[in-house]
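Engineer: Sequence:
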Amino acid sequence: MSRFQELLNGYLRDSLSENELREFFQLAEENGLLPDESMIREQGFDERHEGLTDEAQREKMLLAIRMRAGAQERSTPTWRWVVAAAAVVMAVMAGAYLLGSKERKPAVVKAKVYKNDVAPGVNGAVLRLSDGSEIVLDSVGNGEVSRQGNTKVIKQTGGQLVYQDAGKGDVVLYNTLSTAKGKQFRVVLPDGTKVWLNAYSSIHYPTSFTGEHRLVEITGEVYFEVAANAAMPFIVKTHREEVTVLGTQFNINSYEDEPAEKATLLEGAIQISRASGQVVLRPGQQASMGPSAAGIAVAEVNTEDVVAWKNGYFHFDNADIQTVMRQLTRWYDVEVKFNGVPPTTGDFKGEIGRSLTLAQVLKILEQTRVHFRIEEDKRIVIFP
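Each number in the working numbering comes from the position in the sequence shown (counting from 1) with 125 added on.
No lab work stands behind these hints, which were simulated from the structure alone.
Only true hints are included.
Distance windows between CB atoms, simulated:
#1 Arg272 / Asp445: 41 to 51 Å
#2 Asp382 / Gly420: 21 to 31 Å
#3 Glu425 / Ile279: 32 to 42 Å
#4 Glu425 / Gln289: 35 to 45 Å
#5 Gln289 / Ser264: 16 to 26 Å
#6 Arg253 / Glu155: 46 to 56 Å
#7 Gln396 / Glu425: 14 to 24 Å
#8 Gly336 / Arg147: 49 to 59 Å
#9 Asp242 / Ser398: 39 to 49 Å
#10 Arg128 / Arg504: 41 to 51 Å
Pairs of lysine-lysine residues, derived as DSS-like cross-links and limited to a Cα-Cα distance of at most 25 Å, are as follows:
#11 Lys306 / Lys474
#12 Lys435 / Lys306
#13 Lys488 / Lys474
#14 Lys503 / Lys488
#15 Lys240 / Lys503
#16 Lys240 / Lys488
#17 Lys462 / Lys503
#18 Lys306 / Lys462
#19 Lys280 / Lys435
#20 Lys319 / Lys280
#21 Lys306 / Lys488
#22 Lys306 / Lys319
#23 Lys277 / Lys319
#24 Lys306 / Lys280
#25 Lys319 / Lys435
#26 Lys462 / Lys240
#27 Lys474 / Lys462
#28 Lys462 / Lys488
#29 Lys435 / Lys474
#30 Lys240 / Lys306
#31 Lys435 / Lys362
#32 Lys488 / Lys435
#33 Lys362 / Lys306
We put the CB at the ideal spot given by N, CA and C, even for glycine.
Produce the complete structure using the sequences and hints provided.
Structural biologist: Here is the structure:
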């Protein structure tokens, strides 16, 4: 990993020291990754982009750098950006940083509160124990929250649950971890497998893996980094498919309101099984399964795009407005009403930070000729 990529990752996590931050911007400037003043003047900063917070400015700075980096460093872009969203990025940059000076200091930006705005999602989940009792992880402190047989259940900082298996028990107990809309969470299973849950998702699993395989069941969208164990295959069941794993990284999108269930392989090998047959995926491939018992479609995809949600972004690749709004409804826990017939063509392409408020995200989407208002009771109205 290059020094710039290392600093970029630290910038995304907001973990850079003051010296590292200066080094990051210096390397970005030396490699031509910062927008220059002429680009900003061409975009025309105006009052429509007021009200973006310091955190949002940081997100926009990152998006601008990644946009330039992707264009210069990749023949097949890892990040693809919508032109209209890039215009907003440059506009915000004009208000957020003094690019003409040697020392880049945040400028004062007038705050603006959007009526009925909605904050982004946060870490949070509910843990259902084997006896049916539930623990709301949002409201309990860090440390041991339960014991399930011989296994300790520990909540850690940063929205993560860890199972520490102290030995095999005679009775197999099962837990279910679930996130509501507007929540996300992580869990490390007893075998060391790491699991990320997107909003409105769940995973059902034993508190100790025994027998010939490791079986879990999921709903919604879940990313796995499976601990290798060739003697005990890892199996994921959804309402449409079964995924068999030996040791790998993969993502499953199994929301019932999506037109197709998708399994995407990042590393290793997985076998997708359903009534119509089986396929084995190679890294970089995605399997799609519709609601019928028809076959499994396989395509090459950009895996970083697929797991953008795990890394803090919405990613849209020629998506229509319905697809975009399904993601927003889950992350911001809102309802959507279309005033008029929504467009069916794929107009949206790019990435937007999931740490932005709902109004800030919708303002970016407005650059593609979609208009909105946020009503009371967390309802979005979309109109031509």
